[in-house]
Amino acid sequence: MSGRRLLQLLMMALSLCILSSQSNAAEDPVDSVAKASEFAVPTSPAFVLLGVTPSKVARPGFARDLNLELITKDDKIISDAAIDVQPVWLLGFANTSAASYRNKSGFARTISTLGISLATAEKDSTKSLSWAARLTPFRGWDPLTDETYSSRIRAALDYSPKDRYLTIREAELEGDSSFIARRSPVDTTGMANVKIELAEVRDLLKIIDASTAKRLQAIDDSCRNRHWNDTRVEIGFGQLFNYTSAQLDSVRFRSQGVGAWVTAGLGLGSRWYLSGQFKYDDSDRIPRRDWGANIRYANANGGVFVEYIRVHSSDIHSNELAYGGELRLSTQLFLEAGVRGTLDEDMNLHQWLPLVRVRFGNTLKTFKL
Amino acid sequence: MPEETVQFSRIAGPVTVEITSGFSTAGPYILACRRDALGAHLVEFGSTPKFIDDDIADIHLVPVAPEALDQQLVVILGKYRPAFGHTQVKVTYRFQQAAQTIHTTEIAETLDAGEAFRRYTHSYRFQEVVA
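Residue numbers (this note's numbering), protein chains in the order written: chain A, 1 to 369; chain B, 1 to 131.
None of these hints come from the bench; they were simulated from the model. Quick caveat: nothing in here was measured; it's all calculated off a predicted structure. Be aware that one or more of the hints could be misleading.
Stated by the list, open to error - The list that follows gives simulated cross-link-like pairs (lysine-lysine, DSBU-like), each with its CA atoms no further than 35 Å apart:
id, chain 1, residue 1, chain 2, residue 2
1, A, Lys76, B, Lys50
2, A, Lys123, B, Lys50
3, A, Lys127, A, Lys162
4, A, Lys214, A, Lys162
5, A, Lys195, B, Lys50
6, B, Lys50, A, Lys127
7, B, Lys50, A, Lys73
8, A, Lys162, A, Lys73
9, A, Lys56, A, Lys127
10, A, Lys127, A, Lys76
11, A, Lys123, A, Lys56
12, A, Lys162, A, Lys123
13, A, Lys214, A, Lys104
14, A, Lys195, A, Lys206
15, A, Lys206, A, Lys56
To be verified - Computed footprint of chain A on chain B; a stretch qualifies when at least three of its residues, placed anywhere within it, have a C-beta under 8 Å from a C-beta of chain A:
id, region
16, 9-23
17, 35-48
18, 72-81
19, 93-101
20, 118-127
As the list claims (entries may be wrong) - Reference listing, derived: stretches of chain A covered by chain B, where coverage requires no fewer than 3 residues with Cβ under 8 Å from a Cβ of chain B:
id, region
21, 146-154
22, 164-178
Each residue gets a CB set at the ideal place from its N, CA and C atoms; glycine is no exception.
Construct the entire structure; sequences and hints are all you get.
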């Protein structure tokens, strides 16, 4: 680690140690402190409305997989079902090739982003069901129409001379194997020889495939990085219901409220991203309106953010302020740090919640201060 | 390797194979044929490279006279990948003769999370339709 990097690390740790002396964070879940709120409509808003994090979510890949059995069993609604589906993509784009997609209207491509989530849960003998829709009416980058991205993917997937030779050889050997198996008596020596060579060819293809997968991943990552701050608008709407009987023929739903989100983000150059969100939620019978704004700066070595959220409901009026960042220590190793505080009506700071955590790839180690 | 039988007519003219895709699936494929004999080599046909996601229509003539088709195998090899942010791979192989579809194979699979692409091999044997 360079001296400059070490100095940055020490400065960040020192800053957090100072802040931690004012902290009374002990009772709060630390994981929610580390990062800025992702100002995006939740991927599966129905789960958020219901307050559940399903361990298993059905994501039907084809229209044939969509059926009532995803949420019912023996004519009863299952209490821990979770479904996430993109109905327009599933039904309207099943026969749309990549070239046809590029020629579709902007409206059709926008509608294809519609996502519907549905979840059921049972808490304290109350059975609940929620559904929600999510749409991205505007996005600055659609990878499916990006010809540069498609060309890079094509180049990475294309058969290299070695791949082409081995792929064809594998098919030839499979053909030979099938030919030998159809003859009587079976030539066991010939079959054994074919199988030995087939295993060798498949081992070599596995190596090529691993390398191809790595290249494809690198292309996806570089595109995500390049377009991380593309301008986009997202909207979401959902509804929560309680129901008494789970029997399908006598089930009655009672609406408990709705939730709605609007998120917009604007890229400023290649390094800055300004985003905002408005959220309305009365699913727990208390109307609550939150809005907030966030500005981030990011480069190859990490990033920083500052965020303000205004929470407004009949009994709560609060302002939250957060800032933090992420520092890349090596290719896989990141130091994440953040603090979130509450401002009262006189704009005095309270309840600073600091957090430092180290992330290695997707593995997190959290340190409470 | 899935091996399928295509029913064809010796007198109805040449056989073509059309490759179409759905869900914006991407990837290259190879078309090849060989004699149905031990040790026979596959010979590629159709112009290269071939991709299901470019703007070029994927219709290819099977380069074997109908009288000899029943002694040949046609192999279609593909490496297919779902569209960015999706998991479905959908590709259809349609054999046609005299403007009639004589055989269809549909690949419709959901790839596992983190699976970048999947290889597919399909082999076709030709059998004359007995009137």
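Comparing the hints with the structure gives:
no., hint, result
1, Lys76/A x Lys50/B, "violated, 50 Å"
2, Lys123/A x Lys50/B, "violated, 55 Å"
3, Lys127/A x Lys162/A, "violated, 58 Å"
4, Lys214/A x Lys162/A, "holds, 17 Å"
5, Lys195/A x Lys50/B, "holds, 30 Å"
6, Lys50/B x Lys127/A, "violated, 54 Å"
7, Lys50/B x Lys73/A, "violated, 46 Å"
8, Lys162/A x Lys73/A, "violated, 51 Å"
9, Lys56/A x Lys127/A, "holds, 18 Å"
10, Lys127/A x Lys76/A, "holds, 12 Å"
11, Lys123/A x Lys56/A, "holds, 18 Å"
12, Lys162/A x Lys123/A, "violated, 58 Å"
13, Lys214/A x Lys104/A, "holds, 31 Å"
14, Lys195/A x Lys206/A, "holds, 16 Å"
15, Lys206/A x Lys56/A, "holds, 30 Å"
16, 9-23, "holds (count 4)"
17, 35-48, "holds (count 8)"
18, 72-81, "holds (count 5)"
19, 93-101, "violated (count 0)"
20, 118-127, "holds (count 3)"
21, 146-154, "holds (count 4)"
22, 164-178, "holds (count 10)"
Figure legend: structure checked against the earlier numbered hints; hints not met, in rising order: 1, 2, 3, 6, 7, 8, 12, 19.
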